[in-house]
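Participant: Can you make the complete structure from the sequences, with help from the hints?
Number of protein chains: 2
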Amino acid sequence: MKKIRLKVTIILSLIITVSISVSAFAGNVILIIGDGMDDQQISIARNYLVGATGKLSLDNLSVRSNVQVLTVSDRFPKHPVYVADSANSATSMASGVVTSQGRIGTTAGTDEDVVNIIELAHQQGIRTGVVTTASITDATPAAFYAHTNSRGCQNPAMMVNAEFYPRVFVDCSADLKSNGGKGSISEQLINSGVDVMLGGGLKHFTLPSEGDGDEVIALAEQAGYQLALNPKQLDSIKKGKLLGLFSPSTMPVIWRGESDRAAEHSEMTWPGMIHWSLGEAIVPEPMRCEQNPQFTDLPTLAQMTDKALSILDSDKSDFFLMIESASIDKQAHYRKTCGSIGELKQLNDALDSAINYAQSHPDTLILVTADHGHAAQIVPDSSLFAASPYPIYRPGHLSRIITPQGHIMAVNYATTDFITEEHTGVTVPLMANKMGQGLFPSMITQPHIFNIVKDYLFQKD
Amino acid sequence: MKKIRLKVTIILSLIITVSISVSAFAGNVILIIGDGMDDQQISIARNYLVGATGKLSLDNLSVRSNVQVLTVSDRFPKHPVYVADSANSATSMASGVVTSQGRIGTTAGTDEDVVNIIELAHQQGIRTGVVTTASITDATPAAFYAHTNSRGCQNPAMMVNAEFYPRVFVDCSADLKSNGGKGSISEQLINSGVDVMLGGGLKHFTLPSEGDGDEVIALAEQAGYQLALNPKQLDSIKKGKLLGLFSPSTMPVIWRGESDRAAEHSEMTWPGMIHWSLGEAIVPEPMRCEQNPQFTDLPTLAQMTDKALSILDSDKSDFFLMIESASIDKQAHYRKTCGSIGELKQLNDALDSAINYAQSHPDTLILVTADHGHAAQIVPDSSLFAASPYPIYRPGHLSRIITPQGHIMAVNYATTDFITEEHTGVTVPLMANKMGQGLFPSMITQPHIFNIVKDYLFQKD
Numbered sequence: 001m002k003k004i005r006l007k008v009t010i011i012l013s014l015i016i017t018v019s020i021s022v023s024a025f026a027g028n029v030i031l032i033i034g035d036g037m038d039d040q041q042i043s044i045a046r047n048y049l050v051g052a053t054g055k056l057s058l059d060n061l062s063v064r065s066n067v068q069v070l071t072v073s074d075r076f077p078k079h080p081v082y083v084a085d086s087a088n089s090a091t092s093m094a095s096g097v098v099t100s101q102g103r104i105g106t107t108a109g110t111d112e113d114v115v116n117i118i119e120l121a122h123q124q125g126i127r128t129g130v131v132t133t134a135s136i137t138d139a140t141p142a143a144f145y146a147h148t149n150s151r152g153c154q155n156p157a158m159m160v161n162a163e164f165y166p167r168v169f170v171d172c173s174a175d176l177k178s179n180g181g182k183g184s185i186s187e188q189l190i191n192s193g194v195d196v197m198l199g200g201g202l203k204h205f206t207l208p209s210e211g212d213g214d215e216v217i218a219l220a221e222q223a224g225y226q227l228a229l230n231p232k233q234l235d236s237i238k239k240g241k242l243l244g245l246f247s248p249s250t251m252p253v254i255w256r257g258e259s260d261r262a263a264e265h266s267e268m269t270w271p272g273m274i275h276w277s278l279g280e281a282i283v284p285e286p287m288r289c290e291q292n293p294q295f296t297d298l299p300t301l302a303q304m305t306d307k308a309l310s311i312l313d314s315d316k317s318d319f320f321l322m323i324e325s326a327s328i329d330k331q332a333h334y335r336k337t338c339g340s341i342g343e344l345k346q347l348n349d350a351l352d353s354a355i356n357y358a359q360s361h362p363d364t365l366i367l368v369t370a371d372h373g374h375a376a377q378i379v380p381d382s383s384l385f386a387a388s389p390y391p392i393y394r395p396g397h398l399s400r401i402i403t404p405q406g407h408i409m410a411v412n413y414a415t416t417d418f419i420t421e422e423h424t425g426v427t428v429p430l431m432a433n434k435m436g437q438g439l440f441p442s443m444i445t446q447p448h449i450f451n452i453v454k455d456y457l458f459q460k461d
Numbered sequence: 001m002k003k004i005r006l007k008v009t010i011i012l013s014l015i016i017t018v019s020i021s022v023s024a025f026a027g028n029v030i031l032i033i034g035d036g037m038d039d040q041q042i043s044i045a046r047n048y049l050v051g052a053t054g055k056l057s058l059d060n061l062s063v064r065s066n067v068q069v070l071t072v073s074d075r076f077p078k079h080p081v082y083v084a085d086s087a088n089s090a091t092s093m094a095s096g097v098v099t100s101q102g103r104i105g106t107t108a109g110t111d112e113d114v115v116n117i118i119e120l121a122h123q124q125g126i127r128t129g130v131v132t133t134a135s136i137t138d139a140t141p142a143a144f145y146a147h148t149n150s151r152g153c154q155n156p157a158m159m160v161n162a163e164f165y166p167r168v169f170v171d172c173s174a175d176l177k178s179n180g181g182k183g184s185i186s187e188q189l190i191n192s193g194v195d196v197m198l199g200g201g202l203k204h205f206t207l208p209s210e211g212d213g214d215e216v217i218a219l220a221e222q223a224g225y226q227l228a229l230n231p232k233q234l235d236s237i238k239k240g241k242l243l244g245l246f247s248p249s250t251m252p253v254i255w256r257g258e259s260d261r262a263a264e265h266s267e268m269t270w271p272g273m274i275h276w277s278l279g280e281a282i283v284p285e286p287m288r289c290e291q292n293p294q295f296t297d298l299p300t301l302a303q304m305t306d307k308a309l310s311i312l313d314s315d316k317s318d319f320f321l322m323i324e325s326a327s328i329d330k331q332a333h334y335r336k337t338c339g340s341i342g343e344l345k346q347l348n349d350a351l352d353s354a355i356n357y358a359q360s361h362p363d364t365l366i367l368v369t370a371d372h373g374h375a376a377q378i379v380p381d382s383s384l385f386a387a388s389p390y391p392i393y394r395p396g397h398l399s400r401i402i403t404p405q406g407h408i409m410a411v412n413y414a415t416t417d418f419i420t421e422e423h424t425g426v427t428v429p430l431m432a433n434k435m436g437q438g439l440f441p442s443m444i445t446q447p448h449i450f451n452i453v454k455d456y457l458f459q460k461d
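Chain order of the listed sequences is A and B.
Numbering-wise (this note's numbering), the first sequence opens with residue 1 and increments by one.
Numbering-wise (this note's numbering), the second sequence opens with residue 1 and increments by one.
Some hints here could point you the wrong way.
Stated by the list, open to error - Negatives, chain B to chain A, calculated, CB over 10 Å:
# : residue
1 : Gly51
2 : Pro80
3 : Lys239
4 : Pro389
Stated by the list, open to error - Think about it this way: if two alpha-carbon atoms lie no more than 30 Å apart in a straight line, the pair counts; the simulated DSSO-like pairs of lysine-lysine are:
#  : chain 1 : residue 1 : chain 2 : residue 2
5  : A       : Lys177    : A       : Lys241
6  : A       : Lys239    : A       : Lys454
7  : A       : Lys434    : B       : Lys454
8  : A       : Lys55     : A       : Lys238
9  : A       : Lys434    : B       : Lys238
10 : A       : Lys241    : A       : Lys203
11 : B       : Lys238    : B       : Lys316
12 : B       : Lys78     : B       : Lys238
13 : A       : Lys454    : B       : Lys434
14 : B       : Lys78     : A       : Lys55
15 : B       : Lys78     : B       : Lys55
16 : B       : Lys55     : A       : Lys78
17 : A       : Lys454    : A       : Lys182
18 : A       : Lys55     : B       : Lys238
19 : B       : Lys177    : B       : Lys55
20 : A       : Lys203    : A       : Lys238
21 : B       : Lys182    : B       : Lys241
22 : B       : Lys241    : B       : Lys55
23 : A       : Lys434    : A       : Lys316
24 : B       : Lys55     : A       : Lys454
25 : A       : Lys55     : B       : Lys203
26 : A       : Lys434    : B       : Lys55
In case anyone wonders, no lab produced these hints; they're calculated from the structure.
Since the structure is predicted, the reported quantities are computational estimates derived from the model, not experimental observations.
Virtual Cβ for every residue (Gly too), placed ideally from N, Cα, C.
Facilitator: So this is what it looks like as structure tokens:
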């Protein structure tokens, strides 16, 4: 009996030793963020791209967890707020700190800078990259390299009295260099030392830097960045520091609804004006998705990912790469189902690039997650109560998408009747390739993603 | 080198042998279904019950997967339908077969009976139980023991020309015994041989059975069932076959909104009638949750679970127990946030009972899942666009719940303006205790749940 126990102990010790030495082989981390990519958005895209029973590449990742998205009030930083924006949720992931809506790498209420994973990586000689289909200065990428009190302060001209969206003004005067701050987000990007930065947002770099005659883009060149403004230029650059800016602001999406249609209101026939139980509800006509003609002379997210991986890999050190598919969210705000589906396809294709890279670099941890939930919901195209003689009115906007298989998928947007929809407060998925096995439990809070990345990057022999 | 390889091979063989012998120790399965319990519903309940950073017992289960809910058209059984009802999704889980909305254990279009897990269990001498807060004849429990073309056929009087809900009639004449069928759902339950059946739905048993003067409940007693109609009677029964029916139909829920308030429409001030950009949106007053005074002399779901476990455990054979928290869905249809939260608490408490049981019976596999998504969404109480000077109208119904921590959580219901909300087509979570480790990948289709249960129950030494 004792002999068996001894053997078992030896075996267990061996297993433990092997597993410890495996986890000590740290390597690269690729963090892929789908902005607003909750399970509704993934289900919509899956139904369209591979059918209801199909699997996307992200569905096939071997590890899955669920993420509690946390936000606090700026006025009362101990009070929870139940819905996030991309700025505070990206700060959670980049810095492990829960903050308030709109903040980029700063604390709620007290406006203190919090250290982010890219700053830590650079201290350890680890190279970094940031890739997005948004402006490279937009909230999600910005939280990985910058610190401002507002996501609106994307360039030197947007610091004081800046109109962030119609009739809403932000004030980043505390972040002005003349006030001892670090300047606008585009200026901070140039000083961040990030090795590869690819996305949209050229307009934020073609303005004079604060207290300097030179445009921000000129400062980037002085700092050693090679510039790429189109796919050809992107293709030609093989190593070194790279700044690619392929559109003035957000990059155009690959798909759109027929004739750029968005979700639309249903209409009621006139008897419905008298009483809800009368008349008929007239729903929007179904539509197909089509190529977006504005997507020309632009690299795809997968092409940007391939380039970032090839440049970051050219050095012998490990790297951290953040990749964002931004317009799942932006198109959902504007109720454009086909736009969101196309952007989720871009994310899935970029993931394929990452998986392909990890096949030859098996120490690469791939994480796929979302920053927050969004408005869209798949609803029955023929109501569950269609047998009822009463009309079924949908109070918000509805799009009826004809899938490639020829069936109609109805998507409801009804969090506001405003020009833009709200985010929602649902948990979001976290998926990982097999290198993520055992690194985290089946449910985590969003700031824990920072710890997962940090522990993996810095746990060296 | 060869020696090391040999050692490694021996160790690996040992590990494989150990893992095979572990997986061969099959045992009990407890399948807990939250009706309509998607991640929005869980997030709503979590925020209320344990706070935004807290964890429910279901969050702490060690294994997590994601489930594709599948439905097909009854007319074209190869065509996908993107949103399920509880009948077809429960048929997926009970029988591993994708069918059309409203069907109980029968095939889409062709109306053929499909074998369910309880029938298979009985063939193997495995005891079974069905526990629910709905009528025991409602769609989810029914799919585990019955076969009808419509979920509406719950009792002998609801077979032909039966009004299932206002002005909607179902026809189960093909299921009449006189037509060679198996009769109504309550009649099929009596003949099913299920050992423990607890829930609501007494009214479906106090009617004469088809072709027989006796009420269905009398037939139950003739078949050897002990009856329990209140918690005291439930408490007194210690072993044998048990039928507990604690309310005429769905059991009242434990919680409700203040004065039974549901979500309400927002209102606009009169300038809003002229143009959307004018006036102000007036949102419903916040509310607290309170005890539902109708919940009296009733067992909780956890108490029913404890009784079912104690009776099923009294025999030496393994068992299969399905537990449903039904009114997460039913309360969400009627936009009653507090009702859904209370029912999710009931599920979580029942899970605690199951976990407690599994501690002394470690061969027990616990699965927790949902049947389909639902309408409710957590939206910002103060809009993301609140800084805008324009009013933000929410087109559907909104409830603003004051959490025990004193903060307001806003919940949006806007899939219809009808008396009841729709389901949604999102994937749903699947969680399992540690016995579920390695049994399924990070994403499965809903019919695969049937295979997981079957393989675990029947894989014996």
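Participant: For each hint, tell me whether it holds in the structure or not.
Facilitator: Okay, the hints, checked on the actual structure:
1. Gly51: Answer for Gly51 (chain B): violated, closest chain A Cβ roughly 7 Å.
2. Pro80: Nearest chain A Cβ is 4 Å from Pro80 (chain B), so the label is violated.
3. Lys239: holds, 36 Å
4. Pro389: Given a closest Cβ separation of 5 Å, the condition is violated.
5. A:Lys177 <-> A:Lys241: Holds - the C-alpha atoms of Lys241 (chain A) and Lys177 (chain A) are around 25 Å apart, at most 30 Å.
6. A:Lys239 <-> A:Lys454: Distance ~25 Å between Lys239 (chain A) and Lys454 (chain A) Cα, so the pair holds.
7. A:Lys434 <-> B:Lys454: holds, 27 Å
8. A:Lys55 <-> A:Lys238: violated, 34 Å
9. A:Lys434 <-> B:Lys238: violated, 48 Å
10. A:Lys241 <-> A:Lys203: holds, 20 Å
11. B:Lys238 <-> B:Lys316: Distance ~15 Å between Lys238 (chain B) and Lys316 (chain B) Cα, so the pair holds.
12. B:Lys78 <-> B:Lys238: violated, 48 Å
13. A:Lys454 <-> B:Lys434: OK: Lys454 (chain A) and Lys434 (chain B) at ~27 Å, within 30 Å.
14. B:Lys78 <-> A:Lys55: holds, 18 Å
15. B:Lys78 <-> B:Lys55: violated, 40 Å
16. B:Lys55 <-> A:Lys78: holds, 18 Å
17. A:Lys454 <-> A:Lys182: Answer holds: Lys454 (chain A) to Lys182 (chain A) is near 24 Å, not above 30 Å.
18. A:Lys55 <-> B:Lys238: violated, 47 Å
19. B:Lys177 <-> B:Lys55: Violated - the C-alpha atoms of Lys55 (chain B) and Lys177 (chain B) are around 49 Å apart, more than 30 Å.
20. A:Lys203 <-> A:Lys238: holds, 25 Å
21. B:Lys182 <-> B:Lys241: holds, 22 Å
22. B:Lys241 <-> B:Lys55: violated, 36 Å
23. A:Lys434 <-> A:Lys316: holds, 23 Å
24. B:Lys55 <-> A:Lys454: holds, 24 Å
25. A:Lys55 <-> B:Lys203: violated, 44 Å
26. A:Lys434 <-> B:Lys55: holds, 25 Å
Hint violations for this structure: numbers 1, 2, 4, 8, 9, 12, 15, 18, 19, 22, 25, all remaining hints satisfied.
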